[in-house]
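Take 36 as the starting number for the sequence shown in the numbering used here and just add one per residue.
It is worth saying that the hints were derived from the structure and are not from the lab. Some hints here could point you the wrong way.
In silico DSBU-like cross-links for lysine-lysine, where the CA-CA straight-line distance does not exceed 30 Å [to be verified]:
hint, residue 1, residue 2
1, Lys130, Lys263
2, Lys69, Lys92
3, Lys92, Lys263
4, Lys263, Lys69
These figures come from a predicted structure and were not determined experimentally.
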Amino acid sequence: MSENQNLLAEQRRSLILDEVRRRGGVRVNELTRKLGVSDMTVRRDLDALARQGVLEKVHGGAVPVVEASTHEPGFEAKSGLELTAKEDIAREAAKLVAPGAAIALSGGTTTYALAQQLLDVPDLTVVTNSVRVADVFHAAQRTSGPRQGAATVVLTGGVRTPSDSLVGPVADQAIAALHFDLLFLGVHGISVEAGLSTPNLAEAETNRRLVQSARRVVVVADHTKWGKVGLSSFASLERIDTLVTDAGLPDEARGVVVEHLRRLVVAGEPEPEEGGDI
Numbered sequence: 036m037s038e039n040q041n042l043l044a045e046q047r048r049s050l051i052l053d054e055v056r057r058r059g060g061v062r063v064n065e066l067t068r069k070l071g072v073s074d075m076t077v078r079r080d081l082d083a084l085a086r087q088g089v090l091e092k093v094h095g096g097a098v099p100v101v102e103a104s105t106h107e108p109g110f111e112a113k114s115g116l117e118l119t120a121k122e123d124i125a126r127e128a129a130k131l132v133a134p135g136a137a138i139a140l141s142g143g144t145t146t147y148a149l150a151q152q153l154l155d156v157p158d159l160t161v162v163t164n165s166v167r168v169a170d171v172f173h174a175a176q177r178t179s180g181p182r183q184g185a186a187t188v189v190l191t192g193g194v195r196t197p198s199d200s201l202v203g204p205v206a207d208q209a210i211a212a213l214h215f216d217l218l219f220l221g222v223h224g225i226s227v228e229a230g231l232s233t234p235n236l237a238e239a240e241t242n243r244r245l246v247q248s249a250r251r252v253v254v255v256a257d258h259t260k261w262g263k264v265g266l267s268s269f270a271s272l273e274r275i276d277t278l279v280t281d282a283g284l285p286d287e288a289r290g291v292v293v294e295h296l297r298r299l300v301v302a303g304e305p306e307p308e309e310g311g312d313i
């Protein structure tokens with residue numbers, strides 16, 4: 036981490052969280068030197084991160100929270116994390132969507148950010164099991180009124196999860212009868228051993244159905260998702276066509292990704308020459 040007195044609070048907190056996770060703990064005085072901010076500013080940042088449940092404050096510093104594989108944060112808790120990275124990923128992922136496509140968006144805060152980037156893409160058919168994603172399109176249509184080329188949104192039924200996704204047999208049956216060109220999938224965790232995983236068993240089954248119904252699968256996930264494992268796996272890395280992530284993904288993880296996936300897109304970075312379109 037380099038010193039920078041002009042970092043926004045969100046950026047500082049992201050850097051602090053990365054440092055805590057990478058080193059297994061940091062002290063307040065180390066962070067003040069690295070970030071070039073006051074002791075009080077660092078303590079406020081640690082308080083905010085502790086309230087979000089992503090680290091634990093200890094005397095003189097902070098340590099990472101070790102999450103159980105069944106722990107499922109709510110939408111609001113996740114929405115405050117890695118905001119800039121999610122917006123960058125969403126803008127990059129939106130470039131993959133052609134007018135008139137039939138796409139699916141799973142639940143999650145990154146797919147929620149993506150939905151906002153897709154409002155001006157004409158004639159989309161959007162299938163989603165996310166109440167939040169559906170609300171993005173419906174709110175835009177209520178504001179602008181009926182317009183030619185507005186997206187057709189299909190919201191599956193089901194039982195609502197803490198992340199505001201609809202899952203279970205009703206959702207699974209609806210998804211199984213559909214076919215879409217692209218699936219944009221948010222994930223709780225991604226790793227070589229476990230593939231894509233989630234803490235919620237019912238959500239895992241619904242995500243399996245989404246993957247089965249998609250011609251191409253695009254995972255949208257910031258770098259903090261790498262190496263995390265939830266209770267239930269629902270797809271191997273080989274089933275993914277593209278991972279869209281941010282520049283925080285470590286080099287060693289990038290090497291692993293390109294061995295298993297057809298395409299890696301890092302927001303803000305040019306793609307290798309051999310990278311092709313979906």
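Now for the hints, and whether the structure bears them out:
Annotation: proposed proximity of lysine 130 to lysine 263 holds, straight-line Cα distance about 27 Å (limit 30 Å). For the hint pairing lysine 69 with lysine 92, the CA-to-CA distance comes to about 18 Å; that is within 30 Å, so the pair holds. A threshold of 30 Å between alpha carbons decides the hint, and for lysine 92 with lysine 263 the separation of about 21 Å falls inside it, so the pair holds. Between lysine 263 and lysine 69 the alpha-carbon distance is near 27 Å, which keeps this suggested pair within the 30 Å criterion.
Of the numbered hints stated above, none is contradicted by the structure.
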